Amino acid sequence: SQTIHQWPATLVQPVGSPLSLECTVEGTSNPNLYWYRQAAGRGLQLLFYSVGIGQISSEVPQNLSASRPQDRQFILSSKKLLLSDSGFYLCAWGFGAPPEAFFGQGTRLTVV
Amino acid sequence: AQSVAQPEDQVNVAEGNPLTVKCTYSVSGNPYLFWYVQYPNRGLQFLLKYITGDNLVKGSYGFEAEFNKSQTSFHLKKPSALVSDSALYFCAVTDMDDYKLSFGAGTTVTVRA
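Heads up: the sequence lines are chains G and L, in that order.
The opening residue of the first sequence carries number 35 in the numbering used here; numbering runs sequentially from there.
The opening residue of the second sequence carries number 683 in the numbering used here; numbering runs sequentially from there.
All clues stand as given, with none of them false.
Now the in silico label distances, taken between C-beta atoms and shown as ranges: (1) A787(L) x T37(G): 23 to 31 Å; (2) V46(G) x K759(L): 36 to 44 Å; (3) N64(G) x G711(L): 19 to 27 Å; (4) P48(G) x N699(L): 44 to 52 Å.
Source of the hints: derived by calculation from the structure; they are not laboratory data.
Small disclaimer: the values here were computed from a predicted structure and weren't measured.
Ideal Cβ positions, reconstructed from N, Cα and C, are used throughout, including at glycine.
Working from the sequences, and respecting the hints, build out all of it.
Written out as structure tokens, the structure is:
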């Protein structure tokens, strides 16, 4: 069966520091991969998605970037964190179009 | 462009009563609709989906949803709510050619004992 791993579960980082959140999927090949951000425990904002290695689509221009160095690995990064980057970050995977997304457990990022 | 509206920020029901969480959508082609549930500080869990076929879709934990094309709605229902159903519920939509899901703002459900 397929599983998705996302880490760390919580992270506190100072303003201006770099960020790297990692997500990996097991038990499947060539999945679509997604990064979402959830602010204030409510709506989900799609940040990036990828349909293949090295293919990244950005939905919202901002202080973050994403990379997919391997088929089942998706990384969310920032060179310098802002206070506004705080939130709950969710990785998800799915197949084809339309996708049925399966979510990781999320990372709670607090920028101080 | 596709979008989802969940008109109620919060729904409160007594345990044992029926539960309805509303969702309306807008999509250019045929809609593909999903419901997810989120417990505090956790990821989203898939409940059910409508792709095609029967307008009444049954999902996990006794939930069901009814697709209504004329009203562009996909309301989530449960005949008898449990306290453990208290959570944040998200409706999502996409169309056949899209790789992305568009989520609603979420509805917080509170079931009181």
